[in-house]
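Peer 1: Spelled out from the first residue to the last, the chains are:
Number of protein chains: 2
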Amino acid sequence: MAGFNNIPVYEELVEMIQRLPNIGRRSAERIAYHIIETDDRNVDRLVDAIRKAHNNIHKCEICGNYTDKKICSICSDPSRDKSTICVVTRPRDIVAFEKSRVLRCTYHVLHGLLSPAEGIDPDMIEIRSLIRRLRKGGVKEVIMATDPSVTGEATAMYISKLIKPMNIKVTRLGYGISIGSELQYTDEMTLSRALEYRNEI
Amino acid sequence: MAGFNNIPVYEELVEMIQRLPNIGRRSAERIAYHIIETDDRNVDRLVDAIRKAHNNIHKCEICGNYTDKKICSICSDPSRDKSTICVVTRPRDIVAFEKSRVLRCTYHVLHGLLSPAEGIDPDMIEIRSLIRRLRKGGVKEVIMATDPSVTGEATAMYISKLIKPMNIKVTRLGYGISIGSELQYTDEMTLSRALEYRNEI
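Protein chains in written order, with this note's numbering: chain S, 6 to 206; chain D, 6 to 206.
Hints listed in this document are in silico derivations from the structure and should not be mistaken for laboratory results.
Do not take every clue at face value.
Since the list can't tell identical chains apart, any single copy or any two copies may satisfy a pair.
[As the list claims (entries may be wrong)] Heads up, simulated DMTMM-like pairs for lysine to aspartate or glutamate below, C-alpha to C-alpha not over 25 Å straight-line: (1) Lys104 x Asp86; (2) Lys57 x Glu42; (3) Lys141 x Glu20; (4) Lys57 x Glu17; (5) Lys104 x Glu16; (6) Lys57 x Glu20.
Take the sequences, apply the hints, and build the full model.
Peer 2: And the structure:
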């Protein structure tokens with residue numbers, strides 16, 4: 006096809022943008038146009054921001070949360086309860102918990118879930134670093150806060166079996182209906198769990 | 006809020022990604038995570054692609070279509086009919102026409118539409134370059150293919166008034182129902198135009 010689309014540097018840009026999560030061909034083209042049309046200063050800022058974030062953000066040496074320091078802001082906060090560790094799948098899950106302001110504990114980020122189907126075994130996620138951390142002592146409770154999915158459950162079970170012999174309490178997030186959700190749209194698994202974990206009022 | 010979101014290089018990246026078209030906060034965060042997590046080679050390729058597209062793609066000196074040369078592939082194609090110029094709003098419109106394979110003419114890209122409300126006057130879009138081009142002679146017909154919107158119509162009218170004294174035929178794209186559309190979802194303006202421009206069968 007003649008026209009604009011046969012320019013190699015354009016095609017390469019669209020291809021690279023399409024590799025970003027949830028970006029289809031149309032969105033990628035719209036973004037490519039924006040990049041061609043915006044002024045030099047904006048392109049410099051965008052490129053700088055990409056490079057700086059990629060180069061300076063890494064895993065916290067203690068919990069695996071993202072940070073631009075050696076130790077993240079939560080692990081280095083003296084007011085945090087270090088005797089309770091909440092185990093999550095990804096750094097974004099910490100953001101969700103922090104928003105709820107319920108927990109004042111520390112976290113451990115697995116950076117994935119066990120999945121034999123996808124070839125993800127225990128060595129590929131941050132389980133060993135969690136066990137090392139627990140062996141140092143001082144932890145009384147580990148809250149398993151992996152996703153309520155098949156792989157999330159399996160990962161929580163696998164890890165809790167490793168922890169229990171260490172005489173540390175292991176808990177799992179409560180199951181039930183979501184606040185603000187409509188019962189008619191609640192799936193049957195959630196409803197059956199909500200019945201099983203029902204409370205007297 | 007504590008956690009991951011208080012890292013300045015992360016916040017800067019999310020802000021820059023949000024400036025891209027049709028990207029909200031959530032999508033921007035997902036893309037930022039991807040950029041942090043992907044390998045160095047992918048970041049290099051993305052940054053390179055952004056810089057190369059921005060630096061090497063510019064307006065064709067004749068028609069204003071995007072190109073990485075002085076003259077775009079359409080204007081430099083000897084088989085093209087240079088006596089007919091199809092006037093479009095943006096380079097992407099050319100791609101649509103080229104896909105339809107109906108036209109073998111050349112184009113002129115306005116890079117915008119007149120809009121007094123947004124302060125866009127004739128000097129801010131590529132009208133003068135069109136008139137200069139027509140003054141050189143050899144053009145028999147100008148097809149106004151701006152969007153069928155208020156600003157698209159106004160721009161087509163404005164330009165056609167400038168061209169008519171030059172003894173060049175000016176035409177406008179036909180109005181009517183879209184092929185493959187459902188009548189029940191067709192807006193009334195389109196339907197009334199389709200009736201007005203009805204053909205005998």
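Peer 1: Have a look at Lys57 and Glu20 and pick one of within, between, both or neither, based on CA distance no larger than 25 Å.
Peer 2: Result: close both inside a copy and across copies, 22 Å intra and 13 Å inter.
Peer 1: Tell me, please, which holds for Lys104 and Glu16 at an alpha-carbon limit of 25 Å: within, between, both or neither?
Peer 2: between (40 Å within a copy, 17 Å between copies)
Peer 1: Since the copies are identical, ignore which copy is meant and state whether Lys57 and Glu42 lie within 25 Å (CA to CA) inside a copy, between copies, both or neither.
Peer 2: both (23 Å within a copy, 13 Å between copies)
Peer 1: How would you classify Lys141 and Glu20 at a CA-CA limit of 25 Å: within, between, both, or neither?
Peer 2: So Lys141 and Glu20 fail the 25 Å test inside a copy (47 Å) and across (40 Å) alike.
Peer 1: Give the relationship of Lys104 and Asp86 under a CA distance limit of 25 Å: within one copy only, between copies only, both, or neither.
Peer 2: within (17 Å within a copy, 62 Å between copies)
Peer 1: Tell me, please, which holds for Lys57 and Glu17 at an alpha-carbon limit of 25 Å: within, between, both or neither?
Peer 2: Both. Shortest intra-copy (22 Å) and inter-copy (9 Å) distances satisfy the 25 Å Cα cut-off.
Hint 3 alone, counting from the list given before, is not met by this structure.
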